[in-house]
Each structure stands twice: as structure tokens, then as C-alpha cells.
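**Q** Each chain, written out:
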Amino acid sequence: MQPIDIIKSTFVPLPMENIDTDQIIPARFLKATTREGFGKNLFRDWRYENDDESTPRPHFILNNPAYEGQILVAGKNFGCGSSREHAAWSILDYGFRVVVSSFFADIFKNNALNNGVIPVTVSESFLHIILEQPETATLTINLGEQSITIDNTTQKENFEISSYKKTCLLNGYDDIDYLLSLKKEILEFEEARL
Amino acid sequence: MPKTLFEKIWDKHVVKTMEDGPSVLYIDKHLIHEVTSPQAFKGIENRGLKVFRPQQVVATADHNVPTLNQHLPIKDELSRLQVQQLTENCKKHDIVLYGLGHPFQGIVHVIGPELGITQPGMTIVCGDSHTSTHGAFGSIAFGIGTSEVEMVFASQCLLQSKPKLMRINIEGTLDKGIVSKDIILYIIAQITTGGATGYAVEFAGSAIRDLSMEARMTICNMSIEMGARCGLIAPDEKTFEYIKGRQFAPSLQQWDKKLGEWKELYSDESAAFDKELTILAGAIEPMITYGTNPGLGISVNGHIPVTDTIMDEGERRNIVKALEYMGLKSGNSLLGMPVQHVFIGSCTNSRIEDLRLVASVVKGKRKSDHVEVMIVPGSQQVAAQVKAEGLDRIFEAAGFTIRQAGCSACLGMNEDKIPAGEYCISTSNRNFEGRQGAGARTLLASPLTAAAAALTGVVSDVREFIQ
Ligand code: SF4
Chain A
281 MQPIDIIKST
291 FVPLPMENID
301 TDQIIPARFL
311 KATTREGFGK
321 NLFRDWRYEN
331 DDESTPRPHF
341 ILNNPAYEGQ
351 ILVAGKNFGC
361 GSSREHAAWS
371 ILDYGFRVVV
381 SSFFADIFKN
391 NALNNGVIPV
401 TVSESFLHII
411 LEQPETATLT
421 INLGEQSITI
431 DNTTQKENFE
441 ISSYKKTCLL
451 NGYDDIDYLL
461 SLKKEILEFE
471 EARL
Chain B
1007 MPKTLFEKIW
1017 DKHVVKTMED
1027 GPSVLYIDKH
1037 LIHEVTSPQA
1047 FKGIENRGLK
1057 VFRPQQVVAT
1067 ADHNVPTLNQ
1077 HLPIKDELSR
1087 LQVQQLTENC
1097 KKHDIVLYGL
1107 GHPFQGIVHV
1117 IGPELGITQP
1127 GMTIVCGDSH
1137 TSTHGAFGSI
1147 AFGIGTSEVE
1157 MVFASQCLLQ
1167 SKPKLMRINI
1177 EGTLDKGIVS
1187 KDIILYIIAQ
1197 ITTGGATGYA
1207 VEFAGSAIRD
1217 LSMEARMTIC
1227 NMSIEMGARC
1237 GLIAPDEKTF
1247 EYIKGRQFAP
1257 SLQQWDKKLG
1267 EWKELYSDES
1277 AAFDKELTIL
1287 AGAIEPMITY
1297 GTNPGLGISV
1307 NGHIPVTDTI
1317 MDEGERRNIV
1327 KALEYMGLKS
1337 GNSLLGMPVQ
1347 HVFIGSCTNS
1357 RIEDLRLVAS
1367 VVKGKRKSDH
1377 VEVMIVPGSQ
1387 QVAAQVKAEG
1397 LDRIFEAAGF
1407 TIRQAGCSAC
1417 LGMNEDKIPA
1427 GEYCISTSNR
1437 NFEGRQGAGA
1447 RTLLASPLTA
1457 AAAALTGVVS
1467 DVREFIQ
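Top to bottom, those sequences are chains A and B.
First residue of the first sequence? That's 281 in this note's numbering, and the numbers climb one at a time after it.
First residue of the second sequence? That's 1007 in this note's numbering, and the numbers climb one at a time after it.
The set of hints was computed from the structure by calculation and includes no laboratory data.
Remember, predicted model here, so these are calculated numbers, not experimental data.
Check the hints yourself; a few may be wrong.
As the list claims (entries may be wrong) - Among chain A residues calculated to face chain B with C-beta under 10 Å, some are:
#1 284
#2 301
#3 302
#4 306
#5 312
#6 314
#7 315
#8 325
#9 330
#10 360
#11 363
#12 385
#13 395
#14 447
Claimed, not checked - With a Cα cut of at most 30 Å, we get these calculated DSBU-like pairs of lysine-lysine:
#15 1393(B) with 1371(B)
#16 464(A) with 1264(B)
#17 1014(B) with 464(A)
#18 1018(B) with 1168(B)
#19 446(A) with 1022(B)
#20 1170(B) with 463(A)
#21 464(A) with 1371(B)
#22 1168(B) with 463(A)
#23 1048(B) with 463(A)
#24 463(A) with 1018(B)
#25 1048(B) with 320(A)
#26 1369(B) with 1022(B)
#27 463(A) with 1098(B)
#28 463(A) with 1056(B)
#29 464(A) with 1098(B)
#30 446(A) with 1048(B)
#31 1022(B) with 1269(B)
#32 446(A) with 1281(B)
#33 1022(B) with 1056(B)
#34 1369(B) with 1423(B)
Each residue gets a CB set at the ideal place from its N, CA and C atoms; glycine is no exception.
Next up, chain A with everything else stripped away, as it sits in the complex:
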């Protein structure tokens, strides 16, 4: 996992609520056995009229060259539905490192954190303010400080993240390294249960 600390970037707004993981990556693209290459199928059915990529839907935000950046800003209850981690992989592979929303579904949040994508939960009102910004506006996410700022404005908010997860992200560690270091405790736990 790539360490991550401060991200300053323009953002892509997707102001819809309840965006489920079937939209993020439809099931028919889950047949791969590796983690790579999912970015091209991110929001596949919202991006293209049909499967051969020949007819992009011009109104969909990812097809609008005016919007780009490492930050995706979405409406509440982002990532609900299926547990497919492919959703987080496709977001990362497309180039996003941060998703901002006023509410995240549980499993998606974990999956994002496990892949070095920061789910930043902001208040409903702050989300509105972000969405009103022009496409040239940039946001700064400072993980160490746990803050999100709309650059060149006074708008700033703090967000929560478990201190364990924060340390992992800042250093690029993952949970498996930690769990493996607990081998002795796990064996003792098993022993005691018998």
C-alpha cells in the first residue's frame, strides 16, 4: 500500500445518494482473478451506453473533461450494497485516493481503508458547500491533521478516522502485517478455547 498524507487536488462531484457498489462496478466485470485494471470499468453503465465503449454518455461527469482529480465527492450512503472490494479497487485504479461523502456504508469504508483510499466523512452542510464550488476549486485533505479544506476559502472541517487506521495509511502498513505479528497470542487464544 502506498503511504498517504496530504492530498491537494481538484475533485469530481457526483451528488447522488445511495450509490451502490453494483453501480461502481457492475457484477459482469468481477470475473478477473487479479486486482489490476478495474479502473476502466468504474461506473461502467453510467459512463457508456453499451458494452463496447463506443458511445460514452456525454452527461456523465467522468466523461466531462472539465472535471478531474484525485478526489471523488459523492452524496450520502456511498458504497452501499455488495461487499465487492472490486469497488474500492476500481476507484483507486481510476486514480482517486479520496472519497468524500456525508455517510459511508460500512463494508465499503473498510475496503477503501484497506486499499489506501481515504473515506472522508463530512457534515451534510459542508458537503453542500463543496458541491457549490467551481470545477477549478481544489480541496486539501490532511490525514495527519484529520482535516479537509476548500482551498482559498475559510471553509475547513475535521473528519474522524480510527487512530490505528490512520497510522496504517500514513505509513502504508496493512492489517496483515499486524495480524501476523500476533501469532503467539492467536495460538494461545485457540489453546485456551479447547
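Guided by the hints, dock chain B with the ligand onto chain A, whose structure is given.
**A** Just chain B with the ligand, lined up with the frame of chain A:
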């Protein structure tokens, strides 16, 4: 100190708790399938590891398998490779696999309980969000992502923060024609798809205790659709009776000891919940969804909300968008609306009781000519039972197609899909855009409501078909 059911199980599985951080939770059973496991196997292999506790892992192939001619090689190349990969991985890591052709194969959440693998007091995980199903036995069961599958492979543990606790009491008795699917669709319509996010939800009350084990599974199955980490129900005599004698149930020698432990699994009288609500079973009618998330449901004889009257802007926009996708109109009733497909299957409603319910409505009758009806048993064992009870003859006489076990048209991944623009009454759990195939329009309902639609070809109130 009084404890909730959830806490009793949780506390027994905590290996260690980090200060201001998650707990290390020990996992008793890990179920895997072909779609969410390959990257996890690769992950541990890249670290030079083997699966730590292979005897606690059970595998099956379900999401990506065809439901016709399962004895032949899978036609779609990517699907075939994915299933092959699972076979190789299981072999390499000494994991039991109930793959295609095995008499135990089936949807992972159907076979776990059916084989007696799922037991009270356990922690159970699977790389699939509907793992919550297993909570019907009084276990902590939840879906995980592939990185977490890898963690469990590596250590038989997961890092988890303790969720908040909610109890939903359903009191009273259900009217005729109303089943557990209606209860859970009703609850989700009330509290919305994010209403239980961050919570473990215990379902309790007299209406829950009256339900069979299979009906309870339907409720817990869909608890993820209101965002819950997991759903659970305290085990009782019905639970113990269900498990007894199954393939992997505790042996006779162990039975009494286990039973003693299981009988302790209930929420103590004064145990505290962060949130509690009560629902009256008598108020529930047959439910059906009109939108593109499982929370957008109404009673079958009700009306789609009038969008102009919805105050919350986000919600209004959402519903307008959903209706546009669904080709439906604000304020309309769904009764009498033609559907082209009926899908009876998925981990929500593909067990033998579900199929018996369907048979009870369609026996001696014939489906409407305007509708295709697909019945997909949840497992090979359910399929065998269907035959043994002669339900297959009822379905065939009704003009239904019976398929082989798998997830089938629940998720638009395998060959079974609903064509774009067409309507499908489905007993599955998700009506998201494109869930059953690009452009497909899904109306979620109970097996009874699905059976009624199969006969009439239109959305119908099943209460008119039962005495
Ligand atoms: S039947 Fe549907 S919901 Fe259930 S495990 Fe399969 S794909 Fe998931």
C-alpha cells in the same frame, strides 16, 4: 453485568483489543466462493504463507456458475477460469470445496446452514455481504472484502471495531399471505437503506419467534440492505432442532455440552441497546419495491410516493431518478402492471420452504403466457428435495423453468440475466440499477407475491389466491 446476545458472542472471540482501535476478532468459520477469493489467495502466496486454518474454511462455487448443464465445461472463458482457479487454490491449501457436480454445492449462504456448518455462538465471515444470513442461528456473521478474506486466510482473525447495537422487536402475528420477506422489506422501507449502518441488529419479538428457521434466515439475509453490519436472532428450540443430525452438526457425544452453551445465548433482561424499535406484525402487508434500492418499497396495494411532496431534496432526486430508470410514475399503483419475468431464487428465498410456498399457490394452475418464470433452487440438496416432494412436477405443469443451483439471475454475472427494459418480480434482495442485467428492472417481493405474478403476468395481491 447484563449482556446482549451480540456481546456474549463478541466477548468470547476477542483475542486482543487495541487501545483506541479495533479488536482482533477470532473467526470460527470462513466461507469462500470463486469471485472474492482469488486475489486473497494470491495475496497470501505473495507473502509466502499458507492458509493458517484450512479446516475452518469451506468453499463452494455459486456466483459465476451456469444453472443449465452444469456437468459440461463452463462456456464463458473468464467464468471457467475463475471457477478453475478456486478448485486449484482449494487443492493447494487443503480446503474442502463443494464445487459444481458435488451434491453439497449451492449458494454459500444456503449450504452453510443446510450442512450444519452454521451454529449458534460462532463468528462466521465470507467475502459476500449476505453473510448476515447466518445470524439467524444466533451467530455473529458478516460480509467482508477481499483484503479481509486474505487476513482471515493468514491469521484466522480480523480487525473489527465493535458496532453499536440495535434491537428491532416485531410483535404480534402476521396476516395470511404475509411472510418473513414482507417483514424485512417493510422494515427497510421504514428505516431506509442506511438506517442501520454501523449497527449489529438483533431481531426479536413474538413474530420472530413464530418464524421457522428458514424464514428467519430471510430476515437476517437482508439486514445488510439497511446497512447493518450483521443481523442476529437468539437461538431457541427451533434452532437446535434444525441443526440436529445435519452433516456437520455436533456429534451425539458433544451435543449436550453444545446445547448447554447455546442455551445461554440470548440478550439478558436488562441488557442495553443503543437503539430499539418495535414494529407491529399486524400492520404489515405484502410488500413490493418500485425503485432502485431495497428501501423503496410499498405494500402491493399501495401507491408510489408522489415525488413533489417529498421535502428532502436528496431523497426526492433519488426517487425521481429511480422512477425514471424503472419506467414508473410518481403516485401510481403497481397492481395490475405487466411483468415479463419472475425469478424465484437467491440466498434470500431459494430454500425448500420458499419453494413449497410457491407450489402451494401454483399447484394445478398454469402460468400466464406473457411471463417467463425461472425457479432456481439454492443448492443441490434443495433441488433433490424439490424432486423428492414432487414439487418439480407442479412447477413443470405450471410452465416454469427449473434451473440448477447457483446465484443465477440475482446478480447479472453469470448467463442468467433479465433483458434491458423488462420487468422482473424477483425474490432476491437487490433491485439496484442493472443488478439483474444491464437495464433490467427489478421488483423485489416475497415468494408468494412472485407466485401470484407468475399466474397472472401482472403485479398481483397474493391474498386473492389463498383461502
Ligand atoms: S444469491 Fe445473490 S445475494 Fe445471494 S450470494 Fe448469490 S449473488 Fe449474493
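**Q** Which hints from the list above does the structure break, by number from lowest to highest?
**A** As far as the earlier hints go, 1, 21 and 26 are violated by this structure, in ascending order.
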